[in-house]
Amino acid sequence: MAAAVSTSVALYAQAPTHTNPFFAEYNTPYGVPPFDEFTIEDFREGTLKGMEEQKKEVAAIVNNPEAPTFQNTIVALDQCGKLLQRVQIVFGGLNGSNTNAEMQALSKELTPKLSAHRDDISLNPQLFARVKAVYDQREQLHLNAEDSKLLENTYKSFARNGANLSEADQQKLRELNSQISMLQLTFGQNMLKETNAFKLVVDNKEDLSGLPENLIATAAETAKAQGMEGKWVFTLHNPSVMPFLQYADNRDLRERIFKGYINRGNNGNDADNKAVVRDLVAARLAKAKLMGFDDYASMALEERMSKNSENVYNLLDQLWGPAIAKAKEELADIKAEIKKEGKKFEPQGWDWRYYFEKAKKARFNIDENEVRPYLELNRVLGGVFYVSGRLYGLHFRQLSYMPKPHPEAQVYECTDKDGKLLGIIYFDFFPRESKRGGAWCGSYRPQTYDDHGNKVVPVVNIVCNFTKPSAGEPALLSADEANTLFHEFGHGLHGLFRDVHYGGVSSVPRDFVELPSQIDEHWAFAPEVLKVYARHYKTNEPMPDALIEKLDQSGKYGQGFATVEYLAASLLDMDFHTLKEVPADMDVMQFEDKVLGKRGLLKQIPSRYRTTYFNHTMGGGYTAGYYSYIWAEVLDCDAFGAYTEKGDIFDQEIADKFRKYVLTPGGINDAMQMYTDFRGKNPDIKYLLENRGLDAPKNLKKKKE
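For the sequence shown, position 366 (counting from the first letter as 1) is numbered 424 according to my numbering, and the numbering increases by one without interruption.
Since the hints were derived computationally from the structure, they do not count as laboratory data. Using N, Cα and C, we set each Cβ at its ideal position, and we do this for glycine too. The hints are all genuine.
If you anchor each label on the Cβ, the simulated ranges turn out as follows:
1) Leu106 - Gly658: 51 to 59 Å
2) Ala118 - Glu197: 25 to 33 Å
3) Lys230 - Pro641: 19 to 27 Å
4) Asn254 - Ala529: 18 to 26 Å
5) Ala529 - Lys739: 51 to 59 Å
6) Asp307 - Asp714: 49 to 57 Å
7) Asp714 - Glu586: 15 to 23 Å
8) Asp728 - Ser458: 41 to 49 Å
Within a straight-line C-alpha distance of at most 25 Å, the following computed PhoX-like cross-link-like pairs (lysine-lysine) qualify:
9) Lys365 - Lys739
10) Lys739 - Lys704
11) Lys596 - Lys526
12) Lys140 - Lys462
13) Lys475 - Lys718
14) Lys263 - Lys416
15) Lys140 - Lys166
16) Lys317 - Lys661
17) Lys345 - Lys171
18) Lys419 - Lys398
19) Lys715 - Lys478
20) Lys166 - Lys345
21) Lys317 - Lys386
22) Lys638 - Lys345
23) Lys171 - Lys214
24) Lys386 - Lys661
25) Lys718 - Lys478
26) Lys140 - Lys107
27) Lys589 - Lys704
28) Lys475 - Lys513
29) Lys397 - Lys416
30) Lys263 - Lys317
31) Lys289 - Lys317
32) Lys401 - Lys661
33) Lys744 - Lys704
34) Lys614 - Lys416
35) Lys418 - Lys661
36) Lys419 - Lys589
37) Lys608 - Lys596
38) Lys166 - Lys113
39) Lys171 - Lys107
40) Lys386 - Lys652
The whole structure should be built from the sequences, with the hints applied where relevant.
Right under this line is the structure:
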């Protein structure tokens, strides 16, 4: 048996009688992947065969003796490569949430092959000639909106991937694409290695002072599992490190774990990411210049809502001043708490969460540990389902008999208000060494249509890293974790509701993609929703009105810190990708200190993601795009304003319009058009400022006056 990390994925050596599951229809309920049947060789063989099949499909398009048409070229191209997609969507999902050494090695083996394969398609001159021939006659084709968008996207994809470059420049592009894909993969693998490498081992019970009992119990179980029974082990996974920084009375230990956290990828070892980042930023810039752009951000933003870096910086800069001002108010409260204790030291980064928690308790008489008992994981999930039921009429039924990507995963059937199957949704809640950090929503099968015109429902996958339950206790979430579950489920709804015929029109722009997720957060702590799901895990008593009121009153407190750390990361991402030159000896950490220091970032607040563990941008996905969360927050706050203006957060007319215009069309329509079709007007930033408790910037006030 091959080495695996706590997994239900078999990864056995391939037996003579073994049949690769990818090469036939899955014989599983709802056609979900048979996770317990896959071997590592299945992924390798499936990927290689998938590439070979897609090459043949592309050749058939190119060699078609008939004149290029929308059907025989554009649709045929969109529908080719189904086997490769089938393999990669499963492998990608498992490699992010339940990886092991074999899977990581296979990623390194296949990544350059996949990069070359994609380039072989996008740089095929005969194929592009057929695509261009159809595109050039688009006015005479009288296509519907979806067909027209597919044609536009297909042509632009070829152009943006180098089809118009000279043969020599196309070869350079191939080399850069391969280099970029490998550097992104290396960055992510280094980050996972660094996160797992650090352990804070406590062997003196007195050093646990201030920590919640559930965190202590979990740390004891972690230690026992690692052969250190009688001790306590704290890790850099968020459910461990964040509450430790929030509650540990031992300042020296807070400093150790804080520095371990912010120095990931910056330790001068074999998982150091500094050179990786430098080479990656340089390669991206070289690619952008090859494609005729001044910098990488210009290339990345061209097809997004923001259009250019000037518009991104304009939004971030508008918010930076009010956020810093609010953070300074919070810092004053922190200093006051230190003074109350009779201490005189200047607060540092490892002091912020600890003393902020004290300041919050002093101001609002609320403690997060007072809230946790009412946020038992399954009840919060019930709250998520309740909201989707009230808004959209959805029903969820847990399926215990399904194949799972990991034994801890939960699986649900989702049916629409008319009783029809809408999709299958997986939840994987807890951290482990085989899972990368953070929370995300992916897919094990996208929504599509089969060859007979029948809708194929999606298989959605939500992955989190929540506080794991200690022995004999349920999982009790922090308020932030509960909010995250609502957020990721919003992405899930987007995947469940999407109804498109082509993969080429399924995606929305990066700076629109967070709208469906972030609007869902607005229901998480609405009093009428809390009264439904927030019940004490022992007594079943609902959350008291007084506690709900304190949650509401304290909700905006801390937004200075939260907004500044987020904006710092967004600015850092943009600053790296608006560079016009990257020195060969560039020190990326000095660059980080310089660009954030000149803006007046408080020394106690590190960027939410520092350069060497900023996987959103350096791992790909949100490259020159981390600003998208705040860009989309302008939209989601304004969109939720449609409900508050009506005085009913479950208004059916508004919910139906949001589903119709935002959640269903995929990327068929222009993103801002989708929004204005829903809202009837352009978004107003005032709702975001109100939501975060920030004062409007002076230039915005002047404009309004």
